[in-house]
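Protein chains in written order, with this note's numbering: chain D, 568 to 732; chain W, 568 to 732.
Keep in mind that the hints are not guaranteed to be accurate.
Same chains, same label: a pair holds when it works inside one copy or across any pair of copies.
Unchecked claim - Under the rule of at most 27 Å between Cα atoms (straight-line distance), these lysine-lysine pairs were calculated in the BS3-like manner:
1) 677 / 597
2) 669 / 637
3) 722 / 603
4) 692 / 597
5) 637 / 722
6) 597 / 669
7) 692 / 637
8) 677 / 637
9) 692 / 722
10) 677 / 603
11) 669 / 603
12) 692 / 603
13) 669 / 692
If you're looking for bench data, these hints aren't it; they were derived computationally from the structure.
There are 2 protein chains.
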Amino acid sequence: MRGLVDLARLSPSAANRQPLRYILSWRPDKNALIFKHLAWAAYLADWPGPGEGERPSAYIIVLNDTAISKSIDCDHGIAAQTILLGAVEQGLGGCMLAAIQKEGLRADLKIPEQYDILLALALGKPRETITIETVGSEGDIRYWRDGAAVHHVPKRSLDDLILDL
Amino acid sequence: MRGLVDLARLSPSAANRQPLRYILSWRPDKNALIFKHLAWAAYLADWPGPGEGERPSAYIIVLNDTAISKSIDCDHGIAAQTILLGAVEQGLGGCMLAAIQKEGLRADLKIPEQYDILLALALGKPRETITIETVGSEGDIRYWRDGAAVHHVPKRSLDDLILDL
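If we strip away everything but chain D, and leave its shape as in the complex, we get (with noise of 0.2 Å):
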């Protein structure tokens, strides 16, 4: 994990300041503490989210040093998908979650005031099959979940992305 996070150290910050930081978690009562502030997919009503078993072998929390960088514009996102590739290189899988009871967290984790929390990264062996599709003509972009498990993610066709000016 160390190797991920020096990858995110390697790649552009705004005007260099790289105020990010980061907490690992590999330790399974670590994992447990960070899981139960994280809310999973909200398009699937039905799936409260991981069950045991399944559950994240390793997180990465990406932190703002308000010390350094009072804001963010986007180095999370620089970071993270970075984070991410390279976990893919490594036969892992990840996602990305911002939907985090921040507080409980920073409680838990014992996190000082200095340090927004801007990201949990989960990594882990991926158990699901994911297919990408195109968004249909009623433009529904949630992602859904077939009988099979199979997890379906509509994306938006290239012509709708790119803008002719």
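Starting from the known structure of chain D, arrange chain W on it as the hints suggest.
Then chain W, alone, in the frame of chain D:
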């Protein structure tokens, strides 16, 4: 360039809303319109930005469609890093610029008010040598250039980024 945007298209997006839109530029006249609204390398006080013949060959302007999402967390960081990593795979280099004279760019490219301007990604064949160093004990994170036009980028050490919490 469409292939680079396609990499971003397949990348994570908060709640899968996919509000980012892209303007592509590779014609010299359009590139020149964009160039004049960008500010370069704030730490290099003696360098006004790339001169004729070393300016970017292309740009991707990253926008937020406010009809889909009023504000953006870090989708644009995810997309920008994905596009630049893809560019490096193609033998190109790039830079993310957030210091943009947005109203001037909006007027020159006729960007509708519906779209917030987030980033300009500059792309081209790299001309400079870049070297990454460790931030010294004085904590100075400003990049600098030496007499041989080598661009030095100080990065904080991995131990400074990982909190023992």
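The hints, checked one at a time:
When the C-alpha separation of residue 677 and residue 597 is checked against a cutoff of 27 Å, the pair qualifies only within one copy, where the shortest distance is 12 Å, while the shortest distance between copies is 51 Å. Within a single copy, residue 669 and residue 637 get their C-alpha atoms as close as 18 Å, and across copies as close as 22 Å, so both meet the 27 Å cut-off. For a Cα distance limit of 27 Å, the shortest separation of residue 722 from residue 603 qualifies neither inside one copy, at 29 Å, nor across copies, at 34 Å. In this assembly of identical chains, residue 692 and residue 597 lie within 27 Å of each other by CA distance solely inside one copy; the values are 18 Å within and 46 Å between copies.
In this homomeric assembly, residue 637 and residue 722 come within 27 Å of each other (Cα to Cα) only across copies, at 19 Å, whereas the closest approach inside a single copy is 33 Å. Only within a single protomer do residue 597 and residue 669 lie at most 27 Å apart by alpha-carbon distance; the minimum there is 16 Å, versus 44 Å between protomers. Within a single copy, residue 692 and residue 637 get their C-alpha atoms no closer than 35 Å, and across copies no closer than 34 Å, so neither meets the 27 Å cut-off. In this assembly of identical chains, residue 677 and residue 637 lie within 27 Å of each other by CA distance solely inside one copy; the values are 20 Å within and 33 Å between copies.
In this assembly of identical chains, the alpha carbons of residue 692 and residue 722 lie at most 27 Å apart only when taken from the same copy (24 Å versus 31 Å across copies). In this homomeric assembly, residue 677 and residue 603 come within 27 Å of each other (Cα to Cα) only inside a single copy, at 15 Å, whereas the closest approach across copies is 47 Å. Taking CA atoms no more than 27 Å apart as the test, residue 669 paired with residue 603 passes inside one copy only; the shortest distance there is 11 Å, against 42 Å between copies. Proximity of residue 692 and residue 603 under a CA criterion of 27 Å is satisfied intra-copy only: 20 Å inside one chain copy versus 47 Å between copies.
Taking the shortest alpha-carbon separations for residue 669 and residue 692, only the intra-copy value of 26 Å comes in at or below 27 Å, while the best inter-copy value is 43 Å.
Hints 3 and 7 from the list above are not met by this structure, while the remaining hints are.
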